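Top to bottom, those sequences are chains A and V. Start counting the first sequence at 1448; every next residue gets the next number (our numbering). Start counting the second sequence at 87; every next residue gets the next number (our numbering).
Derived from the structure by calculation, the hints contain no laboratory data. Being a predicted model, the structure only gives us computed values, none of them experimental. The reader is advised that the hints may include incorrect statements.
Claimed, not checked - Residues from chain A that face chain V, not an exhaustive set, calculated with beta carbons under 8 Å:
#1 Cys1455
#2 Arg1499
#3 Pro1512
#4 Leu1514
#5 Ile1518
Unchecked claim - In silico DSBU-like cross-links for lysine-lysine, where the CA-CA straight-line distance does not exceed 30 Å:
#6 V:Lys160 x A:Lys1509
#7 V:Lys275 x V:Lys160
#8 V:Lys192 x V:Lys160
#9 V:Lys275 x V:Lys192
#10 A:Lys1509 x V:Lys192
Each residue gets a CB set at the ideal place from its N, CA and C atoms; glycine is no exception.
One-letter residues, chain by chain:
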Amino acid sequence: MSPTALSCEEVIERLFDYLDRELDPQEAADVERHLHRCRDCFTRAEFERRLRARVAATGTAKAPPWLYQRIRTLLDRFDGAGPIPPADS
Amino acid sequence: MSLAGPFLSHSRSPPRARCRDATGGTMRFDEAASRRQWFEHRLAPMLDRLYGTALRLTRHPADAEDVVAESVAKAWMQLDRLRDPQRFEGWMFHILTNTYISEWRKRRCRPPPCGNDATEPSELDSDSFTLFQQLHQPFLLWWGSLEEQFFNSLLQEDLERALDALPDAYRVTIVLVEVQGYTYEEVAKLLGVPLGTVRSRLSRARSRLQSALWEQAREAGMVLGEGDGGERR
Chain A
1448 MSPTALSCEE VIERLFDYLD RELDPQEAAD VERHLHRCRD CFTRAEFERR
1498 LRARVAATGT AKAPPWLYQR IRTLLDRFDG AGPIPPADS
Chain V
87 MSLAGPFLSH SRSPPRARCR DATGGTMRFD EAASRRQWFE HRLAPMLDRL
137 YGTALRLTRH PADAEDVVAE SVAKAWMQLD RLRDPQRFEG WMFHILTNTY
187 ISEWRKRRCR PPPCGNDATE PSELDSDSFT LFQQLHQPFL LWWGSLEEQF
237 FNSLLQEDLE RALDALPDAY RVTIVLVEVQ GYTYEEVAKL LGVPLGTVRS
287 RLSRARSRLQ SALWEQAREA GMVLGEGDGG ERR
């Protein structure tokens, strides 16, 4: 299948599908080709990519210490095992 | 959500001590303790991300802890079903997601608490707001790069607050896609909704999220428009 030259409007329409990796390889290549030569669309894509990365980073939060203990207590109830060595041992 | 009931009723005998090693061969644990050690050593580095993801899904620390604890218990009981230990992380997150969705569905069947209307999505929700376009309005006054200014000023808690304020259906969809990396099709299956619904919820979620971030930026004096006096604070 030959490459398709997309307009700026078509790229922006597909931008989130592209960032979410929902496009097929040919469509993704068409978007990337446009982004390499269009400064405005590249700037927009980078903005959305950065914001998306910041949203993704909210999926990490310091688990409270009592949650570790709660899990160990829970597992102890299943198998009656003794203390478990720390993860870095 | 409580762990007390169902888990106390399970047998205390450990699950069968068999698993595949990194090369795909079958690995036998000689003792229950080695199986437990294997499990805990792989779980520990993931716990902050499991908890963080659960926190984004539930919005409440106590609920997030319950979801994580219940997911860990399920994983431990179902460890024999894990064919490839290399996939432990994805498998663990899948259990976490299903645990949350299962509880979410139960709660949706109950009458909503008073004052919870703001968490319901509306058919009238717009999906056309874009923060990028707002930041590029010609009358805005900025020092240096627009995007750099915005991202430098955007605090993690601002973003978390904006995410938490989204209606449940929007928040869950955007977390599944942007935090957990599920495909649209996977989200549709997990939530039991059509693919088009996932797309529209995601689009509206992003629009609402960016609108909220824009409002936060304005309230914090990060951006000034023509009507704000014309000078940067």
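Taking each numbered hint in turn, which are not upheld by the structure, reported in ascending numerical order? Numbers 1, 3, in rising order.
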